[in-house]
Amino acid sequence: MNRAAAALSAVMLTAPLHAAAADVVAGAPSRLGVVIYRDPNGGDQGVAMIVETREVDLPAGASTLRFEGVADTLIPQTAAVQGLPAPVDERNFDYDLLSPGALVARSVGEQVRVVRTNPGTGRVSEEVGVLRSAPQGLLFETGAGIEALKCSGLPERLVFDRRPPGLSDRPTLSLRIVAPTAGRHRVVLSYLAAGFDWKANYVAQVSEDGRTLDLSGWLTLTNKTATSFPEAKTEVVAGRLARSDETRAPDVELRTVATDCWPTAPWWRRMTGYAAPPALNIPAPAPPMAMMERGLEEIVLTASRKAAQTELGDYKLYTVPDRSTVAANQTKQVAFLDKEGVAFERIYKVGHAGFDAGELTPALTLRLRNTEAQGLGSALPAGLATVMQTTAGRPMLVGEYRVEDTAVGLPVDLAIAGDRGVTAVMESLREGERTVAGKARRFANLKVTVTNTRSQPAQVEYRQSGYDEGFKLVSEDRRHALRENDPVWTLDLAPGQAASLRYEIEADAD
Amino acid sequence: MHRQILAIALLCGAGAAQAAEAPRLSVTVYNGGVALVEDQRTLEAPAGRSRLEFKDVSASIRPETVSLQAQGLSVVEQNFDFDLLTPEKLMEKAVGQQIQIVRTNPGNGQETVETATVLSANGGVVLRIGDRIEVLRDDGIPTRVRFDRLPENLRAQPTLSVLVDADRAGARPARLSYLTRGLDWKADYVALFDEKSGQLDFQGWITLTNNSGSAFKDAAAQLVAGQVALSDGGYQPNRFRPMPRPPGRGGIAGSEQSDQQGVGDFYVYPLKQRTSIENNQTKQVGFLAAPAVRARKAYQYRGYVFESSETARSADVVLMFANAGAAGLGAPLPAGVVRVYMRDAAGEAKFVGENGIGHTPQGSQLAIKTGDAFDVTVQPTLVSTQRINSTTNRYRVTYTVRNARREPVEVEVRQDGLWRGTRVVEESLASKRVDFNTLTWTVPVAAGGETVLSATIESR
Numbered sequence: 001m002n003r004a005a006a007a008l009s010a011v012m013l014t015a016p017l018h019a020a021a022a023d024v025v026a027g028a029p030s031r032l033g034v035v036i037y038r039d040p041n042g043g044d045q046g047v048a049m050i051v052e053t054r055e056v057d058l059p060a061g062a063s064t065l066r067f068e069g070v071a072d073t074l075i076p077q078t079a080a081v082q083g084l085p086a087p088v089d090e091r092n093f094d095y096d097l098l099s100p101g102a103l104v105a106r107s108v109g110e111q112v113r114v115v116r117t118n119p120g121t122g123r124v125s126e127e128v129g130v131l132r133s134a135p136q137g138l139l140f141e142t143g144a145g146i147e148a149l150k151c152s153g154l155p156e157r158l159v160f161d162r163r164p165p166g167l168s169d170r171p172t173l174s175l176r177i178v179a180p181t182a183g184r185h186r187v188v189l190s191y192l193a194a195g196f197d198w199k200a201n202y203v204a205q206v207s208e209d210g211r212t213l214d215l216s217g218w219l220t221l222t223n224k225t226a227t228s229f230p231e232a233k234t235e236v237v238a239g240r241l242a243r244s245d246e247t248r249a250p251d252v253e254l255r256t257v258a259t260d261c262w263p264t265a266p267w268w269r270r271m272t273g274y275a276a277p278p279a280l281n282i283p284a285p286a287p288p289m290a291m292m293e294r295g296l297e298e299i300v301l302t303a304s305r306k307a308a309q310t311e312l313g314d315y316k317l318y319t320v321p322d323r324s325t326v327a328a329n330q331t332k333q334v335a336f337l338d339k340e341g342v343a344f345e346r347i348y349k350v351g352h353a354g355f356d357a358g359e360l361t362p363a364l365t366l367r368l369r370n371t372e373a374q375g376l377g378s379a380l381p382a383g384l385a386t387v388m389q390t391t392a393g394r395p396m397l398v399g400e401y402r403v404e405d406t407a408v409g410l411p412v413d414l415a416i417a418g419d420r421g422v423t424a425v426m427e428s429l430r431e432g433e434r435t436v437a438g439k440a441r442r443f444a445n446l447k448v449t450v451t452n453t454r455s456q457p458a459q460v461e462y463r464q465s466g467y468d469e470g471f472k473l474v475s476e477d478r479r480h481a482l483r484e485n486d487p488v489w490t491l492d493l494a495p496g497q498a499a500s501l502r503y504e505i506e507a508d509a510d
Numbered sequence: 001m002h003r004q005i006l007a008i009a010l011l012c013g014a015g016a017a018q019a020a021e022a023p024r025l026s027v028t029v030y031n032g033g034v035a036l037v038e039d040q041r042t043l044e045a046p047a048g049r050s051r052l053e054f055k056d057v058s059a060s061i062r063p064e065t066v067s068l069q070a071q072g073l074s075v076v077e078q079n080f081d082f083d084l085l086t087p088e089k090l091m092e093k094a095v096g097q098q099i100q101i102v103r104t105n106p107g108n109g110q111e112t113v114e115t116a117t118v119l120s121a122n123g124g125v126v127l128r129i130g131d132r133i134e135v136l137r138d139d140g141i142p143t144r145v146r147f148d149r150l151p152e153n154l155r156a157q158p159t160l161s162v163l164v165d166a167d168r169a170g171a172r173p174a175r176l177s178y179l180t181r182g183l184d185w186k187a188d189y190v191a192l193f194d195e196k197s198g199q200l201d202f203q204g205w206i207t208l209t210n211n212s213g214s215a216f217k218d219a220a221a222q223l224v225a226g227q228v229a230l231s232d233g234g235y236q237p238n239r240f241r242p243m244p245r246p247p248g249r250g251g252i253a254g255s256e257q258s259d260q261q262g263v264g265d266f267y268v269y270p271l272k273q274r275t276s277i278e279n280n281q282t283k284q285v286g287f288l289a290a291p292a293v294r295a296r297k298a299y300q301y302r303g304y305v306f307e308s309s310e311t312a313r314s315a316d317v318v319l320m321f322a323n324a325g326a327a328g329l330g331a332p333l334p335a336g337v338v339r340v341y342m343r344d345a346a347g348e349a350k351f352v353g354e355n356g357i358g359h360t361p362q363g364s365q366l367a368i369k370t371g372d373a374f375d376v377t378v379q380p381t382l383v384s385t386q387r388i389n390s391t392t393n394r395y396r397v398t399y400t401v402r403n404a405r406r407e408p409v410e411v412e413v414r415q416d417g418l419w420r421g422t423r424v425v426e427e428s429l430a431s432k433r434v435d436f437n438t439l440t441w442t443v444p445v446a447a448g449g450e451t452v453l454s455a456t457i458e459s460r
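Residue numbers (the working numbering), protein chains in the order written: chain A, 1 to 510; chain H, 1 to 460.
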């Protein structure tokens, strides 16, 4: 096992960390790569894997190497740096941020100045004292006594002599390393970052003769972070990856200064629990959803060339043609599929549940086979498909349907609303109760007549569901298949043809 | 910065003895958001009773777990004051007392100072000034309020104070220990999988997170792998005992020996260098690197009951490897997330999925689901159900296994939900009964092809 121990001690043999370490900032990123993974559950947990190359000048001995300009949503435990001359002692991601609340909280017990402007004379006066409490309310002590700041109605401001150490303007990734010799290194930094997403959208344009359709597909890439990635090789991964909910950016708490002053409600109504008042913490800035609601700033369309598809393990990788800039708060669209003359079948699905004869409404589904022979034969990532039909020279929206991840060879069903090409009528020939093997059984003998009113052939799938105890199909005049345990009959109809199906079902009475 | 607070605290006149020297810290972090802090320092206390204040303890301390040990010092009482000092509280505590109010005339800028008695602080402040009763800032004129002292027990931050009885005056070494929330650690693993060579490049990192509100400077840190039972209530007396946890899912518990430092059911990972654990920091230290671990990819499909599906279902993609010395790994793996990377056609490593593992002893088998196969699917169909007798049915099932990949694959089809007395009447491929309620078949599928597995099974 000693590999683990050896690795650990190799890390530990190096010089102590607290020995003065040189502060080194890695050079600007180049050769960026952005690979976007969407949330497998359709939520906002999409991530991107960012890969970038940087030049680093390391002195001999201990240094702290900082990476600036990384995504603000970096997930620190996913960071990896390759190309360093020695093993990394430790890697840190610091997100104690400088904010008004953090500034005053770090200055409690320190000498600060209060500058006041007299509203009558305009005279500015300055008083030196010690900050006694913050940020849950500012209390300030001078030789004359204790005062609360910002409670008097006078223009007052606090002036600090120094910036508290250890607070940074943005989350910072750094690592500690001891280089054997000084030198320049080209390192590759990679990490996952939250706040990215992509979607697939399909448009199916049914031809005027109603026999084929044209299918086009678009990828919509979204960068909801505040970081831009210029000239990046941009890719998306299609398929469902297993994800852990522990892979997320740390919650950055921004402290604010409480503005409450003198009591304005009886104390018994103001009773709160122990610890800091909730007003101290506000959520991290710019939640992606809020951003979406406000509308992203820019939408870029790239239609001229298609994204190329290759394999990545058991997923599909789409590469956007040419390097392109994935800018902050940007949505980018790129075509990935463009197929003409895709064959399809018209399938009318009819469902009936229980025993009572009733009205039946056939619903049209266009069934495509994802094969080259049928004019398709490409991996189809899950997304929304919009079906359009040209009627009298005008495109009409006839349905919107969600397509799941579909491998080559599998069928794709597109449901179409409001098509009345096939009619179905049901009659109950006989129904009632009877005793079967000493048990009271309810039965119904049903007849269904379907008619194709269109000039194209149609297939009807008739499905009978039964939820009653002891439900059973007793007899039928055509052979059924089972679909999710329900009997399903398939009837093929030529243009103008009518056909009927007769079957008997029974179940326990009551 | 705590040190500065300490220094200034002397001005504050609380009358408490202070512990002014920088403590030597040792931090033991457990999985589950709790850490044991040991703080060694020199304490100065007068003979007899005195109150010691510790302002530099963790902001997320669990005060009921504090223990202070020093020679010739006995603890009389421990207090944790968390009544925070705010302008509002200050005014409430001033009821019945005198304050000074300074009014500034907005017209001519003149200041007038008066002494007032606070009568009440309910929904506004009522003052008596001489023989007049007024409401503070009723007229909106800028009015400053000056208090002459800070009340006791109101603090800028939660403060631990200990009432001690010392046998003599003077400095002595002391050891303060307590539990704190807000510190957590777990392991993060990077597995770069090369399918062709059947090898993993496996690295382990310890990820330490500090959201406690305090920094632990220059501390000796150690991490304990193992689940600690913690009561959720926080302020209840702590129960602190080990709880065994099952190994990683889908795996087999190991039996190999490890020379990792063991404590009871726990493994301890000390960081040999002192390190500063800053507030709001994620710190990572590598602890494991195994460059060539034998591994393979498997496709698995699991059916829980006999059923028909209208759509083809993706098979799981599972990465399988042994945490054993002979396979190139062999180390106790603390609980964490394994992130798997593979190279794309251009040779670039890309993320392909992740999953959690529990504490995994040496010698265990690991099976990590990385995702759903896009191109390998299984579509189950329950063709018929036939009643044999009052307890047994005969099920005819098929599984259509499709493979749209450019190479042949093997898919492990598992059917759960069987009962004792299950009998396979006939099947198109030989099954294996892995346990009393599970049958498995290994189904080969040609590139771009499909294989229909059919079986007739009698079961309850």
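Simulated from the structure, these hints should not be mistaken for lab results.
The beta-carbon is built from N, C-alpha and C at its ideal position, and this holds for glycine as well.
It is possible that part of the hints are untrue.
Unchecked claim - If the Cβ cut is set under 7 Å, some of the chain A residues that face chain H in the computed set are:
{"#": "1", "residue": "ARG91"}
{"#": "2", "residue": "SER324"}
{"#": "3", "residue": "THR325"}
Stated by the list, open to error - Pairs of lysine-lysine, DSSO-like flavour, derived with a Cα cap of 27 Å:
{"#": "4", "chain 1": "A", "residue 1": "LYS199", "chain 2": "H", "residue 2": "LYS369"}
{"#": "5", "chain 1": "A", "residue 1": "LYS349", "chain 2": "A", "residue 2": "LYS233"}
{"#": "6", "chain 1": "A", "residue 1": "LYS447", "chain 2": "A", "residue 2": "LYS472"}
{"#": "7", "chain 1": "H", "residue 1": "LYS196", "chain 2": "H", "residue 2": "LYS297"}
{"#": "8", "chain 1": "A", "residue 1": "LYS447", "chain 2": "A", "residue 2": "LYS349"}
{"#": "9", "chain 1": "H", "residue 1": "LYS93", "chain 2": "A", "residue 2": "LYS233"}
{"#": "10", "chain 1": "H", "residue 1": "LYS217", "chain 2": "H", "residue 2": "LYS272"}
{"#": "11", "chain 1": "H", "residue 1": "LYS93", "chain 2": "A", "residue 2": "LYS150"}
{"#": "12", "chain 1": "A", "residue 1": "LYS349", "chain 2": "A", "residue 2": "LYS472"}
Stated by the list, open to error - Simulated restraints on C-beta separations:
{"#": "13", "chain 1": "A", "residue 1": "THR449", "chain 2": "H", "residue 2": "GLU195", "range": "52 to 60 Å"}
{"#": "14", "chain 1": "A", "residue 1": "PRO395", "chain 2": "H", "residue 2": "ARG423", "range": "26 to 34 Å"}
{"#": "15", "chain 1": "H", "residue 1": "SER390", "chain 2": "A", "residue 2": "SER207", "range": "17 to 25 Å"}
{"#": "16", "chain 1": "H", "residue 1": "SER390", "chain 2": "A", "residue 2": "THR423", "range": "27 to 35 Å"}
{"#": "17", "chain 1": "A", "residue 1": "VAL115", "chain 2": "H", "residue 2": "VAL268", "range": "50 to 58 Å"}
{"#": "18", "chain 1": "A", "residue 1": "VAL474", "chain 2": "H", "residue 2": "GLU195", "range": "49 to 57 Å"}
{"#": "19", "chain 1": "A", "residue 1": "GLY341", "chain 2": "H", "residue 2": "ARG394", "range": "43 to 51 Å"}
{"#": "20", "chain 1": "A", "residue 1": "GLY341", "chain 2": "H", "residue 2": "LYS196", "range": "32 to 40 Å"}
{"#": "21", "chain 1": "A", "residue 1": "THR423", "chain 2": "H", "residue 2": "GLY347", "range": "54 to 62 Å"}
{"#": "22", "chain 1": "A", "residue 1": "ARG483", "chain 2": "H", "residue 2": "GLY358", "range": "45 to 53 Å"}
{"#": "23", "chain 1": "H", "residue 1": "PRO291", "chain 2": "A", "residue 2": "GLY69", "range": "29 to 37 Å"}
{"#": "24", "chain 1": "A", "residue 1": "ALA440", "chain 2": "H", "residue 2": "GLN386", "range": "17 to 25 Å"}
{"#": "25", "chain 1": "A", "residue 1": "GLY69", "chain 2": "H", "residue 2": "ALA346", "range": "53 to 61 Å"}
Evaluation of the provided hints:
Among the interface hints, the one on ARG91 (chain A) holds; its C-beta lies about 4 Å from the nearest C-beta in chain H, closer than the 7 Å criterion. A distance limit of 7 Å between C-beta atoms decides the matter here; for SER324 (chain A) the minimum to chain H is near 17 Å, and the interface restraint is violated. Given hint, THR325 (chain A) at the interface with chain H, is violated; its Cβ is 20 Å from that chain's nearest Cβ, farther than 7 Å. For the proposed pair LYS199 (chain A) and LYS369 (chain H), the alpha carbon gap of about 24 Å is at most 27 Å, so the pair holds.
The suggested pairing of LYS349 (chain A) with LYS233 (chain A) is violated, with an alpha-carbon distance near 45 Å, which exceeds 27 Å. At roughly 17 Å between alpha-carbon atoms, LYS447 (chain A) and LYS472 (chain A) fall within 27 Å of each other, so this suggested pair holds. Annotation: proposed proximity of LYS196 (chain H) to LYS297 (chain H) holds, straight-line Cα distance about 10 Å (limit 27 Å). Proposed proximity of LYS447 (chain A) and LYS349 (chain A) is supported: the alpha carbons are some 17 Å apart, at most 27 Å.
Of the pairs offered as hints, the one joining LYS93 (chain H) and LYS233 (chain A) is violated, with about 64 Å between alpha carbons and a cut-off of 27 Å exceeded. The straight-line distance between the Cα atoms of LYS217 (chain H) and LYS272 (chain H) is roughly 15 Å, inside the 27 Å bound, and the hint therefore holds. Between the alpha carbons of LYS93 (chain H) and LYS150 (chain A) the distance comes to roughly 19 Å, so the proposed pair stays at or under 27 Å and holds. The suggested pairing of LYS349 (chain A) with LYS472 (chain A) holds, with an alpha-carbon distance near 22 Å, which does not exceed 27 Å.
Remark: the range hint 52 to 60 Å for THR449 (chain A) to GLU195 (chain H) is upheld by a beta-carbon distance near 56 Å. A hinted range of 26 to 34 Å is violated for the C-beta pair PRO395 (chain A) and ARG423 (chain H), which are about 59 Å apart. Taking 17 to 25 Å as the suggested C-beta distance range, the pair SER390 (chain H) and SER207 (chain A) does not conform, at roughly 58 Å. The hint said 27 to 35 Å for the Cβ distance between SER390 (chain H) and THR423 (chain A), and at roughly 45 Å that hint is violated.
Checked against the hint of 50 to 58 Å, the pair VAL115 (chain A) and VAL268 (chain H) passes, with Cβ atoms roughly 54 Å apart. Under the hint 49 to 57 Å, the C-beta atoms of VAL474 (chain A) and GLU195 (chain H), about 53 Å apart, fit the expected range. Checked against the given bound of 43 to 51 Å, the beta carbons of GLY341 (chain A) and ARG394 (chain H), roughly 47 Å apart, stay inside it. For GLY341 (chain A) and LYS196 (chain H), the hinted distance range of 32 to 40 Å is satisfied, since their beta carbons lie about 38 Å from each other.
Restraint check, THR423 (chain A) to GLY347 (chain H): a C-beta distance of roughly 59 Å satisfies the suggested window 54 to 62 Å. Take ARG483 (chain A) and GLY358 (chain H): their Cβ atoms lie about 39 Å apart, and the range 45 to 53 Å is violated. Separation of PRO291 (chain H) from GLY69 (chain A) is about 31 Å and conforms to the stated range, judged on CB atoms against 29 to 37 Å. Between ALA440 (chain A) and GLN386 (chain H), the C-beta spacing of about 24 Å keeps the proposed range 17 to 25 Å intact.
One distance hint, 53 to 61 Å for the beta-carbon pair GLY69 (chain A) and ALA346 (chain H), is violated here, with the actual separation near 25 Å.
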